[in-house]
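Chains A and B, in that order, are what the protein sequence lines are. Okay, so the first sequence: first residue is 1 according to full-length UniProt numbering, each after it adds one. Okay, so the second sequence: first residue is 1 according to full-length UniProt numbering, each after it adds one.
Heads up, a few of these hints could be off.
Unchecked claim - EDC-like cross-link-like pairs, simulated, lysine to aspartate or glutamate; straight-line CA separation at most 16 angstroms:
(1) B:Lys375 to B:Asp405
(2) A:Lys308 to A:Asp324
(3) B:Lys449 to B:Asp487
(4) B:Lys32 to A:Glu331
(5) B:Lys400 to A:Asp285
(6) B:Lys24 to B:Asp63
(7) B:Lys44 to B:Glu17
(8) B:Lys32 to B:Glu13
(9) B:Lys161 to A:Glu330
(10) B:Lys240 to B:Asp217
(11) B:Lys375 to B:Glu391
(12) B:Lys32 to A:Glu330
(13) B:Lys44 to A:Asp285
(14) B:Lys240 to B:Glu265
(15) A:Lys308 to A:Glu27
Hints in this document: simulated from the structure, not taken from any laboratory.
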Amino acid sequence: MTVDTAATSTGDPAAREPELVQLLTPEGQRVPHEYYDTLIEDITAEDIRGLYRDLVLSRRIDSEAVALQRQGELGLWASMLGQEAAQVGSGRALRPQDHAFPTYREHAVAWCRGVEATQLLGLFRGVDQGSWDPRENNFHLYTIVIGAQTLHATGYAMGVQRDGAIGTGDPERDTAVIAYFGDGATSQGDVNEAFIWASVNNAPVVFFCQNNQWAISEPLERQTRVPLYRRAHGFGFPGLRVDGNDVLACLAVSREALQRARDGEGPSLIEAFTYRMGAHTTTDDPTRYRLAADLEHWRLKDPIERVKAYLVRGDLVDQQFFDDLDAESEELAGNLRTACRALPDPEPTSIFEHVYVEPPPTLLAQRDEMAQYLDSFAEQEGPR
Amino acid sequence: MSVSQFNLPDVGEGLTEAEIVSWKVQPGDQVKVNDVVVEIETAKSLVELPCPFAGVVESLLVDEGATVPVGTPIISVRTGSGAPAGGSPDATAESPTTAESPADAAAATAAESTTDPGGPAADLVPPPESTDDDAPAENGRQPVLVGYGPRTSSLKRRTRKSPTAPGVPETPSNGTPTTPAVAPGPAGSAPATTPGERPRVLAKPPVRKLAKDLGVDITTVAPTGQGGVVTRDDIHAAAKAREDGARPQTEAQAGDLGWQGLPREERIAIRSVRRKTAEAMVRSAFTAPHVTEFLTVDVTRTMKLAERLRGTREFRDVKLTPLAFVARAICIAVPRTPEVNARWDDDAGEIVLQRYVNLGIAAATPRGLVVPNIKDAQMLSLREIASAIGELAATAREGKTPPGDMMGGTFSITNVGVFGVDTGTPILNPGEAAILAFGTVRQQPWVHKGRVKPRWVTTLGLSFDHRLVDGEQGSRFLADVGALLEDPGNAIAWS
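Whole structure, please, built from the sequences with the hints as guidance.
In structure tokens, the structure reads:
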């Protein structure tokens with residue numbers, strides 16, 4: 001008996017042409033949508049200019065970090081080039097009380113949450129383990145383990161549920177949790193476990209998958225035979241696919257899913273269909289496994305260009321806006337460079353911190369011993 | 001105004017070195033922050049490096065093609081408002097880095113990184129006229145597997161506080177550093193020794209071993225390290241001095257024969273392609289028992305056919321070389337002796353007869369020998385094979401052969417004839433059963449129809465893996481290829 005594996009993925013007509021929520025075409029044309037338009041009714045021209053600024057500045061942070069890595073200032077950097085819209089759209093849909101659990105690539109979400117870009121660099125420079133306080137901006141630490149954060153998010157969401165912080169109708173109180181991950185992570189056990197826990201517990205969590213088509217060098221067809229968003233149905237919650245390069249559509253669908261969570265209606269999966277324009281990380285060389293033609297195809301769908309086209313065509317901006325943004329962008333990059341070089345090396349005793357709320361006496365004794373040893377040196381000069 | 005140096009970074013998590021492929025700027029060029037200045041090749045990929053400073057390029061410190069350790073300064077840039085647009089000739093003349101060849105300067109700085117930056121070794125390389133805080137002596141780091149390498153400043157032991165007050169917290173103001181047991185002595189001052197006694201030499205064990213290996217009496221070496229320690233460089237210097245002392249006569253004799261000015265021995269790092277070639281050849285030579293046979297054939301008819309075909313419309317756009325005929329002859333001859341196109345599968349205990357020919361063509365490229373193969377060459381016409389060979393060679397010369405093109409070969413040709421030699425005993429490309437060496441085609445006296453005539457003659461050399469192929473099959477195959485080249489008409493008879 002022969003098994004036609006291809007048939008299983010194309011037998012269902014829905015699998016061939018997945019529905020894609022799109023409100024702004026790559027050419028910058030606004031596409032009307034009966035339902036999702038209502039979710040972004042309140043978005044003014046000023047807001048769209050703000051989203052454009054988010055996209056441009058977060059991309060600048062990203063490209064500056066890549067350059068810093070190439071200059072030996074960072075050990076590594078995971079570029080998010082091409083994924084700005086998915087991150088800004090979802091990031092701007094969050095309310096202050098919501099919690100975000102990122103991978104190591106959510107630089108634009110961090111930007112939306114108000115995390116200093118310099119703090120992201122500390123991790124990649126190797127001078128700390130992630131130095132921002134997750135409680136300050138409700139933006140949790142970068143997770144390097146693939147998919148592990150989906151379980152953290154689900155657990156946190158179940159905690160929110162037990163705090164009774166959902167379905168009260170109070171917009172200041174009802175809380176949603178968003179878990180970011182990529183297409184490669186969907187093959188991880190952790191992610192599938194998170195789906196199950198979230199589903200059966202009706203946890204207020206949004207699974208936001210940025211399908212950037214590549215898990216390092218593994219293409220999407222090695223991860224799944226059905227569109228990823230359809231996996232949600234099997235676990236028992238809704239899933240949809242959105243144009244991940246369309247910031248308005250990402251904003252709209254994220255608002256919907258987050259509100260579902262806050263209202264106590266349980267989890268949902270968003271598959272933001274996008275493309276990783278850069279390498280997996282600065283250590284990777286994508287020219288070895290993918291075609292330049294694919295890159296060109298996606299370059300035409302750039303998330304920033306379409307917003308720019310929309311703004312210009314609608315006469316919603318003047319040249320001064322772009323000039324000011326350029327200047328702001330340059331200043332941001334310059335400050336980032338300076339701040340990166342000035343990041344202090346960690347104190348040797350910092351290794352004793354941040355693990356225990358109440359450190360056990362043995363650990364304190366070790367810390368003191370270490371401090372005493374360090375103090376026995378006459379000088380501690382030298383370039384650090 | 002100051003001069004900043006850009007040290008080669010580790011761009012790929014734990015790389016220790018990289019090759020400078022091409023410079024995108026020249027001394028005197030104006031650069032901005034993040035302008036691409038150089039392309040480097042690491043074990044992982046080709047990477048463009050953006051410049052961390054704005055200013056005028058002062059000098060390129062490493063030659064193209066050189067492989068240097070991570071941390072080596074590769075370019076110096078005159079930064080700040082005072083940077084002259086074109087680079088002042090006076091200033092550059094005084095700069096030590098431009099006074100020497102770039103490679104020397106880089107080597108000197110790299111060597112310096114292993115010694116105390118403040119030590120006398122620095123005297124060998126005069127400090128740059130003006131440098132900022134990132135001067136290489138302070139910042140030169142050793143390559144390690146992960147990270148940026150240890151800082152040279154931490155190589156010396158930190159001074160402990162006075163032993164009279166161990167662990168007693170002191171305020172920085174009265175925490176006077178006390179002199180350690182061995183005072184850091186001035187430059188080159190070896191500890192005093194009593195006459196008659198064997199002098200006490202301060203050196204680390206690896207340095208002592210180095211001295212022994214190089215046959216240098218370590219007690220005679222003048223130490224330059226801090227505290228009178230003999231360093232690795234001291235040993236090398238002593239060994240070199242000894243050699244130089246023994247050399248002048250030879251140098252004089254060498255005179256104008258092209259030997260002058262060259263080092264007595266030159267060491268070339270074994271890198272990527274060279275190393276891979278070496279590994280493949282050793283593996284092949286010691287796995288497959290090689291047999292080589294030779295056949296000299298009259299290929300005049302093939303040459304005439306090639307001449308005629310070149311004039312036809314079909315072959316107008318391709319470069320039709322004798323190599324294409326050899327490739328085609330192999331594809332026609334293989335089905336008659338499939339063993340020469342087989343594979344030895346040791347794990348399965350089987351011989352795999354391959355009903356396709358992925359024909360490898362050994363190509364000499366600037367980076368070394370590569371053997372890309374033409375997939376399913378048996379399906380290609382003479383014209384297609386000729387054009388495939390042309391493309392393959394061009395891609396290989398540009399260094400752009402994708403890894404896939406070098407895998408899965410079933411049979412290879414090495415075209416030694418292009419170097420003007422008659423034949424060789426080729427070593428098998430690992431995993432393949434046979435390889436054909438195609439010698440130069442030249443006119444030689446040959447007995448043709450009972451008379452000695454000038455004819456186009458070549459020599460074929462076939463090496464085969466005796467595990468798979470016996471003398472009978474190998475000889476038959478070689479004779480078949482020879483017959484096809486001697487009379488291309490055989491191709492019609494056989495295929």
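Outcome of the hint check:
1. B:Lys375 to B:Asp405: Holds, because 8 angstroms separates the two Cα atoms, which is no more than 16 angstroms.
2. A:Lys308 to A:Asp324: holds, 14 angstroms
3. B:Lys449 to B:Asp487: holds, 14 angstroms
4. B:Lys32 to A:Glu331: Distance of about 15 angstroms is within 16 angstroms: holds.
5. B:Lys400 to A:Asp285: Holds. Lysine 400 (chain B) to aspartate 285 (chain A) sits at ~14 angstroms (cutoff 16 angstroms).
6. B:Lys24 to B:Asp63: Holds. Lysine 24 (chain B) to aspartate 63 (chain B) sits at ~12 angstroms (cutoff 16 angstroms).
7. B:Lys44 to B:Glu17: Status holds; Cα separation ~11 angstroms.
8. B:Lys32 to B:Glu13: violated, 26 angstroms
9. B:Lys161 to A:Glu330: violated, 47 angstroms
10. B:Lys240 to B:Asp217: holds, 13 angstroms
11. B:Lys375 to B:Glu391: holds, 13 angstroms
12. B:Lys32 to A:Glu330: Holds, because 13 angstroms separates the two Cα atoms, which is no more than 16 angstroms.
13. B:Lys44 to A:Asp285: Holds, because 7 angstroms separates the two Cα atoms, which is no more than 16 angstroms.
14. B:Lys240 to B:Glu265: At roughly 11 angstroms apart (the allowed maximum being 16 angstroms), glutamate 265 (chain B) and lysine 240 (chain B) satisfy the hint.
15. A:Lys308 to A:Glu27: With a Cα-Cα distance of about 10 angstroms, the restraint between lysine 308 (chain A) and glutamate 27 (chain A) holds, given a limit of 16 angstroms.
Checked against the numbered hints above, the structure breaks hints 8, 9 and satisfies the rest.
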